[in-house]
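Please model the entire structure based on the sequences and the hints provided.
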Amino acid sequence: MPINHDHKTANALEIQGVGRRFGGFWAVKDVSLSVRPGERRAVLGPNGAGKTTLFNVLTGDLAASAGTIRMDGADVTQTPMHKRIKGGLRRTYQHAHLFDGLTVRETLFLAVSSVAGGWQRFMPLKPSDGAIGKAESLAQMSGLCSDLGREVANLSHGQRRQLEIGMALAENPKMLLLDEPAAGLSPSERPRLAELLLSLPKDITIVLIEHDMDIALRTSDSVSVLHNGRLLAEGSPENIMSNEAVHDVYMGGAHGH
Amino acid sequence: MKSALFLLPFALVPFFANDFWLVQIFGRALILGIIALSLTFLAAYLGVVSFAQATMAGVAGYTVAYFGPNTVDVGREMPFFVVLPLAMIMATLSGAIIGLIARRSQGIYAIMITLAIGVAFFYFTRQNYNYFNGWTGFSGIRAPEIAGTSLREPLPFYLLIILVSALCLLFVNGFIKSPLGLTIQAVRDAPKRVLAIGIPTTPVIVSAYAFAGFIAGSGGILNVWYQERISSFSVGLGPIVDILVIAVIGGLKNPIGAFIGALAFVLLDTFAVDFIDRERFNTLIGLVLLAIIMGAPDGLHGLAKSWLSRFKKRPSENQV
Chain L
1 MPINHDHKTA NALEIQGVGR RFGGFWAVKD VSLSVRPGER RAVLGPNGAG
51 KTTLFNVLTG DLAASAGTIR MDGADVTQTP MHKRIKGGLR RTYQHAHLFD
101 GLTVRETLFL AVSSVAGGWQ RFMPLKPSDG AIGKAESLAQ MSGLCSDLGR
151 EVANLSHGQR RQLEIGMALA ENPKMLLLDE PAAGLSPSER PRLAELLLSL
201 PKDITIVLIE HDMDIALRTS DSVSVLHNGR LLAEGSPENI MSNEAVHDVY
251 MGGAHGH
Chain S
1 MKSALFLLPF ALVPFFANDF WLVQIFGRAL ILGIIALSLT FLAAYLGVVS
51 FAQATMAGVA GYTVAYFGPN TVDVGREMPF FVVLPLAMIM ATLSGAIIGL
101 IARRSQGIYA IMITLAIGVA FFYFTRQNYN YFNGWTGFSG IRAPEIAGTS
151 LREPLPFYLL IILVSALCLL FVNGFIKSPL GLTIQAVRDA PKRVLAIGIP
201 TTPVIVSAYA FAGFIAGSGG ILNVWYQERI SSFSVGLGPI VDILVIAVIG
251 GLKNPIGAFI GALAFVLLDT FAVDFIDRER FNTLIGLVLL AIIMGAPDGL
301 HGLAKSWLSR FKKRPSENQV
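Just so you know, the protein sequences line up as chains L and S, in that order.
The opening residue of the first sequence carries number 1 in this note's numbering; numbering runs sequentially from there.
The opening residue of the second sequence carries number 1 in this note's numbering; numbering runs sequentially from there.
Don't read these hints as lab results, they were simulated from the structure.
Which stretches of chain L does chain S cover? Using the computed rule of at least three CB atoms under 8 angstroms from a CB of chain S, they are:
1) 70-82
2) 87-101
3) 109-120
Non-contacting residues of chain S with respect to chain L, defined by C-beta distances greater than 10 angstroms in every case (computed):
4) V23
5) M88
6) Y123
7) I146
8) D274
Glycine included, every Cβ here is placed at the ideal spot set by N, Cα and C.
Okay, structure coming up:
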């Protein structure tokens with residue numbers, strides 16, 4: 001992977017003119033964003049605005065049809081996903097795709113050893129393995145320490161979301177992309193999620209898609225609003241809350257499920 | 001460890017069985033069980049039904065035939081301690097290559113592509129005379145003599161078979177608890193998510209197939225010693241389907257199922273001729289397969305497990 005660091009104060013994420021086309025339809029078109037290191041950025045927008053597609057392009061789940069993506073100053077537009085992950089990028093998914101046949105401990109172990117190395121070993125795993133210790137502290141962070149031995153298929157919806165975040169926190173991520181982490185959580189679980197997000201180390205850059213305005217605005221420094229695949233507005237949470245255009249889009253979009 | 005204990009009854013067989021039961025029934029069942037185990041491994045932990053296990057076993061068998069003592073004028077003889085590792089390497093490699101070809105396919109497509117590879121290998125062996133001796137194949141293959149013990153003798157051969165079976169079960173059960181084994185299961189559950197935690201899936205899938213090739217290869221070596229011959233028919237559609245039938249009858253969810261299915265298959269195969277015509281065997285095994293699929297989708301192993309759990313629950317029900 002060619003890494004060309006431009007200057008010391010490179011943005012954590014800098015995308016320019018990024019687009020993704022499905023046939024003749026641009027799900028994301030000409031989006032440019034820059035996110036400072038350590039910034040907490042919320043991405044808002046009605047259903048179908050292109051938020052998740054943008055995430056998919058950022059992680060490499062989907063290739064960008066246009067534009068460039070830079071992370072920490074390095075151009076990663078063509079870099080395969082697993083290399084971007086090694087570089088410190090993590091994401092969670094809106095619909096939790098987890099390893100249903102494994103336990104919580106095994107899942108978090110894989111999340112650790114996939115980045116730290118060692119997933120290729122083919123001798124039986126010892127409980128004293130270093131990555132197991134790390135997996136257990138991840139479970140502690142995400143509030144799953146009493147469920148370490150449980151099979152993922154038997155977790156509740158809320159616990160699956162917690163596990164998603166636990167996996168994303170493995171091995172000191174630099175940037176987290178969280179795709180609706182609060183989706184489907186009960187009202188009592190939501191404040192706990194907000195706590196968890198606020199408690200994350202300040203040097204982690206977080207980009208968050210969230211429909212729960214309370215969580216989105218409480219946990220972020222700045223907001224970008226997408227609409228029909230394009231960037232509609234950008235600014236501080238207060239600015240965005242009072243923005244006319246954003247109001248129109250949200251009122252219109254909120255009914256159109 | 002626990003699962004290898006399941007083979008304990010097989011270890012007791014030499015105390016009361018004659019040579020026919022020892023080798024033709026239990027020995028053959030364990031050999032077929034090992035080859036079916038490699039299919040069960042792929043099905044249970046990678047989530048792929050492969051039709052190429054008889055092919056991987058055949059690669060090991062042909063290697064032993066070509067480099068070992070045989071009565072046809074093909075091949076070159078080498079000492080067994082060179083041939084055996086070579087055969088295992090070839091089988092593992094064949095598994096890896098098949099995995100590389102089939103890595104992107106699942107479900108019906110994986111079945112089709114592995115079946116195509118199996119059938120292609122069948123025609124290749126049939127038409128190639130330099131290495132496979134074509135239609136005739138190899139005969140007069142002899143198991144070696146190690147430290148004064150001939151492996152052609154029923155008892156030593158049977159003990160070797162049971163040792164290899166136990167080792168294969170231990171390997172599978174140890175492997176699935178290793179980091180790579182866990183990653184294989186993760187690929188089964190959510191391949192895209194495996195990529196998203198930073199692991200490329202191709203080497204994972206290829207190594208699962210290679211491991212299956214290793215297991216099938218151990219069965220393939222024993223099988224060629226048992227048959228004392230190998231030809232294109234040993235890797236044809238018949239054996240390919242037999243292995244699948246064994247794995248399904250036994251149950252695809254647990255490695256032990258392969259051995260249970262193999263024993264049931266061998267008993268039917270050997271004794272059904274006493275009751276029905278030889279040509280009717282396929283009808284019989286087809287009906288058994290149908291009954292299993294409809295009545296016990298998890299095979300005989302699943303059936304036994306649910307009976308046992310019913311048995312265990314009874315005391316607690318009495319308390320209520």
